[in-house]
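With these hints in hand, go ahead and build the complete structure from the sequences.
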Amino acid sequence: MSAPTSPLSFDVAEQMAKRTRWTPLEIAFWIAAFATIYFLPGRHLILTEIVIWALFALSLDLILGFGGILSLGHAAFFGVGAYAAGLLAKHGIITEPVLALLVAGLAATVLGFVTSFLVLRGSDLTRLMVTLGVSLVLREIANRYSDITGGADGLQGITMAPVLGLFRFDLFGHTAYIYSLVVLFVLFLLARRIVNSPFGLSLLAVRGNPLRASAIAIPVNWRLVAIYTVAAGYAGIAGGLLAQTTAFASLEVFSFDRSADVLLVLIIGGIGYLYGGLIGAVIFRLMQDWLANITPQYWQFWIGLVLVIIVLIGRDRMGAWIRPVRDLIDTLGGRLRIRASGGER
Amino acid sequence: MSHALGTSSYALETVELEKSFGGLKATNQVSLRVKKGARHALIGPNGAGKTTVINLLSGAIRPTAGRILLDGEDITFREPHDRVRLGIARTFQINQLFGDLTPVETLGLAISERNGMGHDWWRVAGRKAAIVDEVGELLSRFDLTDVMGERTATLPYGKQRLLEIALAFACKPRVLLLDEPAAGVPEAERDSILETVAALPADVTVLLIEHDMDIVFSFADRISVLVNGELFMEGTPEQVAADPRVKAVYLGEGTDA
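Chains A and B supply the protein sequences, listed in that same order.
Be aware that the first sequence starts at 507, since it is given in the working numbering, and climbs by one per residue.
Be aware that the second sequence starts at 1116, since it is given in the working numbering, and climbs by one per residue.
There could be a bad hint or two in this list.
What the hints assert, rightly or not - Non-contacting residues of chain B with respect to chain A, defined by C-beta distances greater than 10 angstroms in every case (computed): (1) Ser1146; (2) Ala1204; (3) Phe1334; (4) Phe1347.
Unchecked claim - Residues from chain B shown here face chain A by an in silico Cβ test under 8 angstroms; the list is partial: (5) Asp1189; (6) Pro1195; (7) Gly1251.
Just so you know, the hints here were simulated from the structure itself, not pulled from any lab data.
By construction, the Cβ of each residue, glycine as well, lies at the ideal position given by its N, Cα and C atoms.
Following this line, the structure appears as structure tokens:
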């Protein structure tokens, strides 16, 4: 960055950079996430599930939180990624998991691009129905071509090669967890970068006020196509991770339940700040686990109740409760930063 | 954006522009010519169709018939965002801002878009010195430096109104459409808005849609009167003020003139 030419420019540059800065809370979040590799070795199976939900919900956040597109069929892309990764491994087409995962993501990306044009027009209701329809269609295609997909029995007999040819998947899920967590982290960094770019800022503008966005030369539809396509790729990679870490894919990956659950996860964690999907996944999966232990048959009752409470109280108000804490941490972090930068002002 | 000399001596021209909503002709045979560098006002009583004309010019709605020329170039069927690139920007009568963004972010965004950086997904927003400097200039010009880092939704109404104009101006338009810039602004903050509007650079052609006669007569060098979707008359402020028919249909009505 070239030097600002006036005090005003300095302030402006400061203000523009505000959104992009890492807060201490964020850094703590990721340290805690990676610490689980060492400190919770017995929980790696459920943690892997959480990471996959987190990535899937992050993907939904990109389209809902940053594109303003409400989807009830996001499992379409998750499913395509899962089957793509599963088939690549099963038939030995691409055995190395990372490369196969990228190809699975690419398959979902292509589908995302093609179907993005369907969600450009119309109200939220139209979009809900169109996205739901697409996922149902894909599920039935997978069901119909059971000779390829295994139909209702699922895609069985997948054997996974070691990650990067080095790390074997083990019974306890250690490799699977580390692999998934690294994928999530890398994709999170990429999403963060995208969201803080001029393109990302334009998405916030489009979500906030499409009428005005087009009045300042933003091609609204193209921006929505772009983010929908990227998000589909993310969902595909999440699906691919599921197939790879469980060595299995079934029609459930396309299910309506999955699309609805991911929306639930995102709403629990909060929309539009990237961490919502991650935090939501942790809460959702742990709550599910905990409630299922207490009341195996009726745990969904409590999930439903929590959902109703969250939506009625509104996340803004809950955010207001924790804001003092967050502000305090940010202030402390800001002081440290100023001290560290050695009074560059 | 280059301010290339166009082929026409009019910055903006409409040719028999029409818009019907069902059976209602909101805009009827409107042929409006706005000279380069003009301070042109479009006035008319409530429901005359002033905002419909602005919406047609900006591309928010499509005309039923007729043409729109920007510097002689036909833009009738251009998308709204394309028109802004070609040099025509607008403000809105009711604020249309990005509530979650700050003025700095809002203006930085408009400038990035203008510079064709809007699809740039890798660079971090606001790292370019040229953009930062320009945002600073805009903030000063529109008296927004004191609130530059606050969420737009929380700004006082007068500041939002200034940002509304600043945002259109950030697109570096050749033709700026101002839709009742002082609408709803408390008396105390009104002057600062009017001063800002008066201080717009002379090479920017301004078409002002206005209800308030004081603003119109202090600002405009040319006035078109719109009544029931039709152009009723056009002339200098003196001619319009002296025309008994205008008085009858508009001034005499005792709207807030």
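Status of each hint after checking the structure:
no.	hint	result
1	Ser1146	holds, 25 angstroms
2	Ala1204	violated, 7 angstroms
3	Phe1334	holds, 22 angstroms
4	Phe1347	holds, 28 angstroms
5	Asp1189	violated, 19 angstroms
6	Pro1195	holds, 4 angstroms
7	Gly1251	holds, 4 angstroms
Of the numbered hints listed earlier, those contradicted by the structure are 2 and 5.
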